[in-house]
Structure formats: C-alpha cells, structure tokens
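Participant: Each chain is listed here by its residues.
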Amino acid sequence: MKTWFFAIALLSVSGAASAGSKIIATGGVTTIEGNAGGGIVPWAVINGYASSNEWSATAFTGRVAINNFTLQSTGVGISLDNTWEFSYARQHFALKTIGGSLSQDIFSIKYHLTGELLYSALPQISLGVQHKRNRDFTLPAAVGAQRATGTDVYLAASKLLFNQVAGRNVLLNGTLRATKANQTGLLGFGSASDKHYQFLFEGSAAIFVNYNLAFGIEFKQKPDNLAFAAEQHWRDVFVAWFINKNVSLTGAYVDLGNIAAQGSQTGYYLAMEATW
Amino acid sequence: MVKHSVLIGACLMLLACSNATQPNLYQRLGAEDGINAMVDGLLYEIEHDQRIVHHFADSDIGRFHAKLAEQLCQLTGGPCHYSGSTMQESHTGFNISLADYDALVEGLIKVMQRQQISITDQNALLALLAPMYKDISYR
Ligand code: HEM
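Chains as they are written, first to last, in our numbering: chain A, 42 to 317; chain B, 2 to 140.
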C-alpha cells in the first residue's frame, strides 16, 4: 500500500510518463474485477489511453470496506489499439466478524466491437469474458457452491453525450452479463439447484463536472443461487478524479445488500489506478 | 379576450427579447476574433504535435486557417458561409486515424482551456465537432 502511494505521488507530480492519445477519462477507471469501467460495472471502454495503433498498461488497487467484510482487489492490464484489453485481478475478501477469508483470480479479455465513445452516434460496444478461479474452495463448497471456477460473458454499451446537463457531459453505460457466479464468484459458481447461466443487467451513469472530475451512480443485478443466504443487488455512488493521464483516484459509497446472511452491508470504496 | 391577447403578446415579446439578448455559441466564443484566436492556437498545437504534424506537410496553411475559421463560424451560428471542400473531400488520402482525431481534439481542448472558454461552451463546440469523425477518419 505504501509503495503504491509513493508510485502514485510520483506519477501525479511528474506527469512526464508517456500515455496514449485518447482523451483524458475516456479509459474509465478499473473495476474491482480488473476491467475498465466504474467501480463494479465493466464498461465498453478500453482501459488506459491507447488509441489506434498504440498500447498502454494499467495497474490498480482498490479496497471495499463494509460493515462485516473487506474486499481488497489488485490487478494489472494491457490494452492494444483501443480494441483489446487483457487484465488480471486478484481479490481477497476478509470475513471480519465470521473469521476466515475468500480469494479468487480473475483473467479477463475485452474486445471493442464497434462504435466510438465520443465520436459515433452508436454507443461504443464491447464484448468481455472473465474467467474466475477460486483460490480456496473449502468455504464456497461448504455453503453449497457447485464449482470453483466460472466464466462470465458480458456485452457492454457506453456513450458519452456532450453538453447534456447544465452544459456538462454525461456518460451512460449498460451491461448485460451471463453468469453463474455467487457473490461475483467469491462464493464459487452455481449450486445444486441453480446450475445454469443467468442474464443480468448492470448500469452506470456519470456526469463530468470538467475533464477531470466525474460523479456517478452504478447498479449491478445479482443472481441468488445459494440456499444458505439471500444474495442482493449492488449499488453505489462514486466520484472519480482523473488527476492526469497517468493517475486516477476513485471513491464511492457502496450498498452491497446482505452478504452471507450478514445484513445490510454498506461502506466505502477507495481505489487508485496508474496508467502508462 | 383582449386582456388575454395583451398578456400573450407581452409574453411573446419577453421571449423574443430574452432570445435576442442570449448570445449564441459564436458570440460566446468571442465572435470573429475569438474564433481566429482559437484557430491560431490550434495551428500552434498541430505544429508542435509530432503525432499529427506530418499530415499537414504539403498543406496550404493560409487556406486551412481561413476555411477552418469560416467553418467554425458557420457551425456555431455566426454570420459566415463555409466555402471550402466537404469534410470527406478535404480529408481523403490522409487516412486520418482515431489516434490522429484524438490528438487534434486534445489540442483543441488545450487551446480552449488556455483561452478560458467556459466548460459549457467547450462542450457545446465539441458536441458539434465530434460527429464529424465518420466523414474525416480513414479515408
Ligand atoms: C475536428 C474535426 C475536423 C474539422 C472540423 C476539420 C476541418 C478542416 C477544414 C475546414 C479543412 C479545409 C478544407 C478546405 O481546404 O477546403 C481541413 C483540411 C485539412 N484537415 Fe481537417 N478537420 C478536422 C479534423 C482533422 C484531423 C483529425 C486531421 C489530422 C490530424 C485533419 C487534417 C487535415 C489536413 C491535413 C487538411 C489539409 C488538406 C489539404 O491540404 O488539402 N483534420 N480540415
């Protein structure tokens, strides 16, 4: 954590590190699953600032602290040609009151199919795949999860609308996800009674106060496969500060509903991202 | 009845007045001088941007300046008539990429920031220029 702060501080003041040609903020920030997007919803944008014929690298770390749990997520990504995004994230979920922890790795690919966030009437549309692997299946198995690995597929559409609200630009995103994941995979995949993919909706809306600062909201529909505890939809309100093309900070107030029979999990989310 | 018409008339006059006093984007950008300064600034940015300056190697910069100023004037509601080539025609053969377009937009944003154009007016201008991408790119 400390080295991160130093790295970020260095990048913020230097501003010398080369970044791609994309306009600031158009790479979004990085979700807890390692994809360009908001905090919990992957967007159609490709991470970092690589425009056509360019490449860029990103690294991020984020922490969710809610009443009975914390989630630490850290990862890296590479983007090519504003078309491909490859990323890896490791999540560590600590059960503060129950004791113990959950952990998973997420390997993702995103492919930008069509549309340009800023320049086309059509929204930017991307297809993403996330392959998730539990690092210890003991607890997920104990609560009824069927598998330790799972693959989510999502289709995301994102559009920036200029000059919309009080002359400010607005970003809208809708994502359709096919998943078997219990609590995004932290509690494994599927159950004895629910083995099949479900289609779920996720959405984000943000307003850019200026080029560097956005306020937004997110919603993520969740499945409810496990009998031992009800799983609920997630939502958050966030602020993202794109300090320059090398560094962004995100803060959010999150409401993750009930998790593992622990009621009303609300709290904060803090994340930082570095881009080269 | 008469009372009503007078009232409606008064309302319409108020509307007309408020419209007349509301400056359009062209005026808010500083009219002819403002747009010329913006085009000057953009030419400076292009000249110093290694990513895109090569596209302009054989261009008649005087003509480019004049046509772009004219186009921005017309586009923003000013008293001009754009007399240059269409966007498709003038950009054909340059194979202008997404990265080139991003670079030029970034340059324009720098200029608008430097000239302290309000964020609202910047967004209004970008809203007019962004959709030209399909006519300009990859030709
Ligand atoms: C924001 C969108 C753009 C607008 C509104 C625009 C506008 C114009 C105008 C009005 C002309 C003059 C046409 C004429 O001579 O009749 C022109 C020419 C030109 N534009 Fe653009 N342009 C845009 C984007 C770009 C981009 C992204 C590039 C490349 C980086 C570019 C490169 C050129 C070149 C090289 C010429 C000169 C062509 C020649 O010498 O004949 N333009 N543009």
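Treat the hints loosely; a few may be bogus.
As the list claims (entries may be wrong) - Anything over 12 Å on all C-beta distances counts as not near chain A; from chain B, calculated:
hint, residue
1, P24
2, A58
3, L69
4, S98
5, A128
6, S138
Stated by the list, open to error - Under 10 Å between C-beta atoms, here's a sample of chain A residues computed to sit facing chain B:
hint, residue
7, Y90
8, N210
9, L213
10, F249
11, D296
No lab work stands behind these hints: they were computed from the structure. A virtual CB, placed ideally from N, CA and C, is assigned to each residue, including glycine.
Participant: Any of the earlier hints contradicted here, and which numbers?
Facilitator: Numbers 4, 5, 6, 9, 11 - these are the hints that the structure violates, sorted from lowest upward.
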